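Enquirer: One letter stands for each residue in the lines below.
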Amino acid sequence: MIALYQHRPSPVHQLHPLTKLAISFGVIVLALGLGVDWVPLVLYLLVLVPLSALARVAGPFVRTSLRILLPFAISLFVIQSLFFPEGNTILARLGPLSIKAEGVRFAFAGTVRILLMAGALLLTLLTTHPGLLLTGLVQKGFPPALAYVIVTTLQIVPQMRERASTIIDAQRARGLETQGSLLVRARALLPLIGPLVLGSLLDVEERSLALEAHVQRHNAQDQPLPSAGPHLGAGAQMVDCAGHARGDWLPAC
Amino acid sequence: MIPLALEEVSFTYPSGVTALREISLTVAPGESVALIGQNGSGKTTLARHLNGLLQPSSGRVMIGDWDTRQHTVAKLAARVGYVFQHPEHQIFKRSVQDEVAFGPRNLGFAPARVAQLVEQALQATQLSTVADQHPHDLLPALRKRVALASVLAMDTPVVVLDEPTTGQDAQGVRAIGEIVERVRAGGRTIITISHDIDFCADHCSRLIVLGGGRVLLDGPRETVFAHGDILEQTAVEPPQLVRLAQRLRLPLAWEPQPLLAALEQSQRQR
Amino acid sequence: MRGLAVDQNFQVPSVTSSTNALVALAGYLLGAILIIVGVARQFTTSTYALIPIAIAINIVMGQLVGSLGLPIYLDSIGTVLVGVLVGPLAGAATGGLANIIWSLFNPVAMPFAVVAIMIGLLAGTFAGLGWFKRFYFVPIAGLITAVIAAIMSSPLSAFIFNGVTGSGTDAFVAAFRAAGNSILAAATLQGLISDPLDKLLTFMIAYLIIVALPSRLRARFSQSAAASKLPQ
Numbered sequence: 000m001i002a003l004y005q006h007r008p009s010p011v012h013q014l015h016p017l018t019k020l021a022i023s024f025g026v027i028v029l030a031l032g033l034g035v036d037w038v039p040l041v042l043y044l045l046v047l048v049p050l051s052a053l054a055r056v057a058g059p060f061v062r063t064s065l066r067i068l069l070p071f072a073i074s075l076f077v078i079q080s081l082f083f084p085e086g087n088t089i090l091a092r093l094g095p096l097s098i099k100a101e102g103v104r105f106a107f108a109g110t111v112r113i114l115l116m117a118g119a120l121l122l123t124l125l126t127t128h129p130g131l132l133l134t135g136l137v138q139k140g141f142p143p144a145l146a147y148v149i150v151t152t153l154q155i156v157p158q159m160r161e162r163a164s165t166i167i168d169a170q171r172a173r174g175l176e177t178q179g180s181l182l183v184r185a186r187a188l189l190p191l192i193g194p195l196v197l198g199s200l201l202d203v204e205e206r207s208l209a210l211e212a213h214v215q216r217h218n219a220q221d222q223p224l225p226s227a228g229p230h231l232g233a234g235a236q237m238v239d240c241a242g243h244a245r246g247d248w249l250p251a252c
Numbered sequence: 000m001i002p003l004a005l006e007e008v009s010f011t012y013p014s015g016v017t018a019l020r021e022i023s024l025t026v027a028p029g030e031s032v033a034l035i036g037q038n039g040s041g042k043t044t045l046a047r048h049l050n051g052l053l054q055p056s057s058g059r060v061m062i063g064d065w066d067t068r069q070h071t072v073a074k075l076a077a078r079v080g081y082v083f084q085h086p087e088h089q090i091f092k093r094s095v096q097d098e099v100a101f102g103p104r105n106l107g108f109a110p111a112r113v114a115q116l117v118e119q120a121l122q123a124t125q126l127s128t129v130a131d132q133h134p135h136d137l138l139p140a141l142r143k144r145v146a147l148a149s150v151l152a153m154d155t156p157v158v159v160l161d162e163p164t165t166g167q168d169a170q171g172v173r174a175i176g177e178i179v180e181r182v183r184a185g186g187r188t189i190i191t192i193s194h195d196i197d198f199c200a201d202h203c204s205r206l207i208v209l210g211g212g213r214v215l216l217d218g219p220r221e222t223v224f225a226h227g228d229i230l231e232q233t234a235v236e237p238p239q240l241v242r243l244a245q246r247l248r249l250p251l252a253w254e255p256q257p258l259l260a261a262l263e264q265s266q267r268q269r
Numbered sequence: 000m001r002g003l004a005v006d007q008n009f010q011v012p013s014v015t016s017s018t019n020a021l022v023a024l025a026g027y028l029l030g031a032i033l034i035i036v037g038v039a040r041q042f043t044t045s046t047y048a049l050i051p052i053a054i055a056i057n058i059v060m061g062q063l064v065g066s067l068g069l070p071i072y073l074d075s076i077g078t079v080l081v082g083v084l085v086g087p088l089a090g091a092a093t094g095g096l097a098n099i100i101w102s103l104f105n106p107v108a109m110p111f112a113v114v115a116i117m118i119g120l121l122a123g124t125f126a127g128l129g130w131f132k133r134f135y136f137v138p139i140a141g142l143i144t145a146v147i148a149a150i151m152s153s154p155l156s157a158f159i160f161n162g163v164t165g166s167g168t169d170a171f172v173a174a175f176r177a178a179g180n181s182i183l184a185a186a187t188l189q190g191l192i193s194d195p196l197d198k199l200l201t202f203m204i205a206y207l208i209i210v211a212l213p214s215r216l217r218a219r220f221s222q223s224a225a226a227s228k229l230p231q
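Protein chains in written order, with numbering that gives the first Met the number 0: chain C, 0 to 252; chain V, 0 to 269; chain R, 0 to 231.
Derived by calculation from the structure, the hints in this document are not laboratory data.
Keep in mind the model is a prediction, meaning the values are calculated, not measured.
For glycine and all other residues, C-beta sits at the position ideal for the given N, C-alpha and C.
Honestly, I wouldn't trust all of these hints.
Some residues of chain C that are not near chain R, with every Cβ distance over 10 Å (derived) [said to hold, decoys possible]:
| id | residue |
| --- | --- |
| 1 | 13 |
| 2 | 61 |
| 3 | 92 |
| 4 | 135 |
Each computed SDA-like pair below joins lysine to any residue, with the alpha-carbon atoms no more than 25 Å apart [to be verified]:
| id | chain 1 | residue 1 | chain 2 | residue 2 |
| --- | --- | --- | --- | --- |
| 5 | V | 74 | R | 66 |
| 6 | R | 132 | V | 97 |
| 7 | C | 139 | C | 65 |
| 8 | V | 74 | C | 188 |
| 9 | V | 74 | R | 132 |
| 10 | C | 139 | R | 108 |
The following block holds chain C by itself, in its conformation from the complex (with noise of 0.2 Å):
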């Protein structure tokens, strides 16, 4: 599983990892830090939709930072434009209710800083390998530790999805309905969630003793990064799964 990650020939690519988080964090204190509504609007799609396009990723880019913004979107027009005690200005009735100025302005405020803070980390996210980003930050004094479990979790997580589709079937096989009332549908979480707790959590016997078993070998080598050095290796193994991070992994039922 490789989150967000596209991969294409590109300057933006090429970059450091730390570069491109520092360009995207600079970018969002730059938008907020002026205080001015259209501010994160204009850098959007004066800085951050150029460099997409220039990293190859342009679609990509618009596509998810639409698809995390819209249901705020939504929420903030509807809820704030609607119902805005603070304000005065009415600029349209619709029956008992008001849009008012004020609330139009605080929501449309509140998009654009939610797709400017979104399409900067985006940025980063489409065009640099979980495994080099943590590699960069591991450099910098990120604990070795922390990017392994990170690194490990990104890899177990399909096999988790896989695991837990399989024991939806063997459960049902059993006769288990996971349809119905509320009340059928949420007896069938305990025998979902049990298998599949109890499972992965047997497993991490033999994880903790293949860890232990690793680490060793690794301090006997005297490398500088014994955790997640080697799992980068893995980290482009992992493109193939990329299928599987998102989408319809459980069947329907």
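Dock chains V and R against the given chain C, drawing on the hints supplied.
Expert: Just chains V and R now, kept in the frame of chain C:
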């Protein structure tokens, strides 16, 4: 007891891979059938059609008078029990007997009947002595039998076994074999999916060889084992004794006694 | 801003400004990173082996519950389990790292890392107090955690996301705004309504799982301080 029928069943996964191509076959009540074939041959896909976990893209699957498309998996579970390969995928209770009781309770049986079915299943799988233990504290071989017992207790006319012998040592395989024979003797239909051709030869009277989503061979053991050429294509090796008999140019046999008899007879003829 | 007929002297009345957003973002994010890096030095290898699985449980559980169409998340069960089984600091690290990983898929989740950290920390603390020994304390621990989580996340919702969460619970925000509450108050009240059921169930399911642990897993966690205070 009920028959099973697949009528021109084809199945294509959402990914676009076609796993079954117009398969038609029937299984009579009480038969013991093995589905064999290499990975990707379609045997697991076919088995998952029997209890509605998968629905055919075209054609239909009849479990007795039920069309699988018209019943939920939970309902079909009353007719077809399916033992999954890994017991870890289903165990969540604190004791073996609670685990085994989960299926029959789901099917809505009365408490007395549940208790009786659980006891019978534990006896059949020789787990009565560990009924109060935590299933995960048992050895893997026994845990596999817990999964088996938890499906047998559902008292279904049809039982599907997915790779029943993986992770078992020779003794474990023998124990599973004895359980299968006991279930057969009770008149229930058994469908076994397995790579373990020796196990299938011992406990299944009919073998169905799948390859590329089609039925390549379907018949009694002796007929199927005689087609070494087709078996070779599917990377299914006939049982050791069958191969030995073929090398010695003796009549086919998959059990020691008939092979020895054939060997003696051929010696005498010489 | 020409399309909008807005009085040029208009000031958004004391609810928020983007500078507040910056302060909230910087404070919460820096805090989270310092906590995660700070607590990470002292764990044993078996804890490091456990944490990825707990985080994967969080992620997959959120989706499993979604597939059942239940109106809850249950996406912190792994965090609570680590907190209870290993201790508050391990729980905190699990929550924080889970949030970082989730941010790789949805970056707007990132500011909430501190809330996830707090959930793990509280679960471990309640277990340390012996609250996981008896079933009837567990829902209370869940409720207290929910209240604290709601109060912690509301400034983020209010200042960074202008009061909304982008989910169905925003209907509560609408209702409280219609009743004349401030953005911060509406965001807080929304959290106080929607979090308790989720955290209550999360804690109770974690308890039931711990009760169902086989003895070979219990043996593994028996070295930790919290384990002596677990249900038998």
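Enquirer: Does each hint fit the structure? Answer for all of them.
Expert: Each hint tested on the structure:
no. : hint          : result
1   : 13            : 21 Å, holds
2   : 61            : 15 Å, holds
3   : 92            : 15 Å, holds
4   : 135           : 14 Å, holds
5   : V:74 / R:66   : 20 Å, holds
6   : R:132 / V:97  : 23 Å, holds
7   : C:139 / C:65  : 32 Å, violated
8   : V:74 / C:188  : 19 Å, holds
9   : V:74 / R:132  : 39 Å, violated
10  : C:139 / R:108 : 24 Å, holds
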